[in-house]
Amino acid sequence: MHTTIQLTVNNAPCEATVDTRTLLVDFLRDQLDLTGTHLGCATGNCGACTVVLDGLTVKACTVLAADVAGSAVTTIEGWTQDARQSGDLHPIQDAFVKHHALQCGFCTPGMVLSVQQLLKEKPNPTEAEIRHGIAGNLCRCTGYASIVKAVQEIARMSSE
Amino acid sequence: MIRAPLQFHRPHSIDEAVRLLSQCAQDGEDAKLLAGGQSLLPSMNLGLVAPAHIISLNHVTGLDAIRRDDDMLAIGAGTTHRSLAESEVVQTYCPILSETAACIGDVQVRNRGTLGGSIGHFDPAADYPPVLVLLDAAFRIVGPNGERTVAAKDIFVDYMTTSLSADEVLTEIRVPVLSPDTGTAYVKFTRVEGGFAIVGVGACLGLNSDGTCRSIRVGICGAAPVPVRLTAIEDTLKGKTVDDTFIEAVADAAYETAHDPVAELHAAADYKREMVRVFTRRAVKTASERAA
Numbered sequence: 788m789h790t791t792i793q794l795t796v797n798n799a800p801c802e803a804t805v806d807t808r809t810l811l812v813d814f815l816r817d818q819l820d821l822t823g824t825h826l827g828c829a830t831g832n833c834g835a836c837t838v839v840l841d842g843l844t845v846k847a848c849t850v851l852a853a854d855v856a857g858s859a860v861t862t863i864e865g866w867t868q869d870a871r872q873s874g875d876l877h878p879i880q881d882a883f884v885k886h887h888a889l890q891c892g893f894c895t896p897g898m899v900l901s902v903q904q905l906l907k908e909k910p911n912p913t914e915a916e917i918r919h920g921i922a923g924n925l926c927r928c929t930g931y932a933s934i935v936k937a938v939q940e941i942a943r944m945s946s947e
Numbered sequence: 092m093i094r095a096p097l098q099f100h101r102p103h104s105i106d107e108a109v110r111l112l113s114q115c116a117q118d119g120e121d122a123k124l125l126a127g128g129q130s131l132l133p134s135m136n137l138g139l140v141a142p143a144h145i146i147s148l149n150h151v152t153g154l155d156a157i158r159r160d161d162d163m164l165a166i167g168a169g170t171t172h173r174s175l176a177e178s179e180v181v182q183t184y185c186p187i188l189s190e191t192a193a194c195i196g197d198v199q200v201r202n203r204g205t206l207g208g209s210i211g212h213f214d215p216a217a218d219y220p221p222v223l224v225l226l227d228a229a230f231r232i233v234g235p236n237g238e239r240t241v242a243a244k245d246i247f248v249d250y251m252t253t254s255l256s257a258d259e260v261l262t263e264i265r266v267p268v269l270s271p272d273t274g275t276a277y278v279k280f281t282r283v284e285g286g287f288a289i290v291g292v293g294a295c296l297g298l299n300s301d302g303t304c305r306s307i308r309v310g311i312c313g314a315a316p317v318p319v320r321l322t323a324i325e326d327t328l329k330g331k332t333v334d335d336t337f338i339e340a341v342a343d344a345a346y347e348t349a350h351d352p353v354a355e356l357h358a359a360a361d362y363k364r365e366m367v368r369v370f371t372r373r374a375v376k377t378a379s380e381r382a383a
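Sequence lines, in order, name chains U and A.
In this note's numbering, each residue's number is its place in the first sequence (first place is 1) plus 787.
In this note's numbering, each residue's number is its place in the second sequence (first place is 1) plus 91.
Bear in mind the hints are in silico, worked out from the structure with no lab data behind them.
Glycine is no exception: its CB is placed at the ideal position from the N, C-alpha and C atoms.
Among the clues, some could well be false.
[Claimed, not checked] Computed spacing ranges between beta-carbons, pair by pair: (1) U/M944 / A/A359: 44 to 50 Å; (2) A/E107 / U/R871: 40 to 46 Å; (3) A/A383 / U/E914: 27 to 33 Å; (4) U/T791 / A/D118: 23 to 29 Å.
[Claimed, not checked] Which bits of chain U does chain A cover? Going by a derived footprint, with three or more residues having C-beta under 8 Å, they are: (5) 820-831; (6) 839-850.
Take the sequences, apply the hints, and build the full model.
So this is what it looks like as structure tokens:
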């Protein structure tokens, strides 16, 4: 069974026909080639598939594509678009590189989107608030310490 | 990936959702309501459930409203955990519900998951049920024959089983407005942050002007397949001085009541029973500090 959906993806209108059982993460990756959104556990635990749906982060493996008709989805590609067009990294990406806040990088797109939501709501988070804000994103490489440091630096820079 | 094909429905009203449910029931087809989907979608991805129809309640108008109605708060079943946690009305008049919502899952889960979805799914380790039981919440349910209201003690029937019929939709949850001097707390024991509660305890404590107990209510998950309420001791403790002896009496009562906890991977039954005592102590202590 299929349905046609209209939505906004990375600020551009998008119309597509999807199998009704298609997950948002699979729709983004397989039909739109937006492979920056990763699929990890498919059970809502790891957060690798985190995207921004109507302004809030969600795990795209727990959302049906058919259910987001009319919504606005932003993936890591859309969120870093401006920086990439000018040949730069986004400040959050910069800080991640500087502090070795990634090793294999599988969790990074989701982690970065969770960090941007955290900083939007709490521009100067405490360490506990940072850890609370990224609790939905599992990283098996870094042990989180370097990610926390990266977020602290971004907060420090933006408050200067 | 979901392997089984499904028909997707997107009603914009409760009546339309009920009609769709009734139609599926008449046709003998399995239908599931999608209300956030933070448990349903993972279950479908794992192949644990494979409904032929998904009826999404995520677009029903007004299902996420929160309003004060005299001495009650009426909360739409489609309210997300995030909205409950951040709602000033809920924080003011029923803070225990905000505190509970804020400790569910993680940011992304709270952004998408809903109160009604959690109740309908009724995982025995979910955080809302013990709190709604202690609050004597009321549940408004709409079905093909109209509307009915069910009390919290009657809605949670057994392990992952509620008294909702297959053709009914939970639309609203009503909780009492608590007096400002009531101290409340919800504490939970998890293996990692955001995990399901191995044990979760909610406490609601009102004090008289002389510091004695005016009322105490305690709800516990993890002690049995359904939430447990310490009804017997709640009455006998009225008028007693709230001190360490008082708190210990509640913790002991919780331990005695939790005689049948369900063992799980990370916690044997007798260990869970001991944790019921520990976390009841913490919940009542915190509630008493907040009541003072």
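Structure-based check of all given hints:
For U/M944 paired with A/A359, a C-beta distance near 49 Å keeps the hint of 44 to 50 Å intact. For A/E107 paired with U/R871, a C-beta distance near 43 Å keeps the hint of 40 to 46 Å intact. One distance hint, 27 to 33 Å for the beta-carbon pair A/A383 and U/E914, holds here, with the actual separation near 30 Å. Taken as a hint, the range 23 to 29 Å holds for the pair U/T791 and A/D118, whose Cβ atoms sit roughly 24 Å apart.
Residues of the region 820-831 of chain U with a Cβ under 8 Å from some Cβ of chain A number 3, which satisfies the need for three, so the listed coverage holds. Given a C-beta distance limit of less than 8 Å, the hint that chain A covers the region 839-850 of chain U holds, as 8 residues qualify and 3 suffice.
Checked against the numbered hints listed earlier, the structure breaks none of them; every hint is satisfied.
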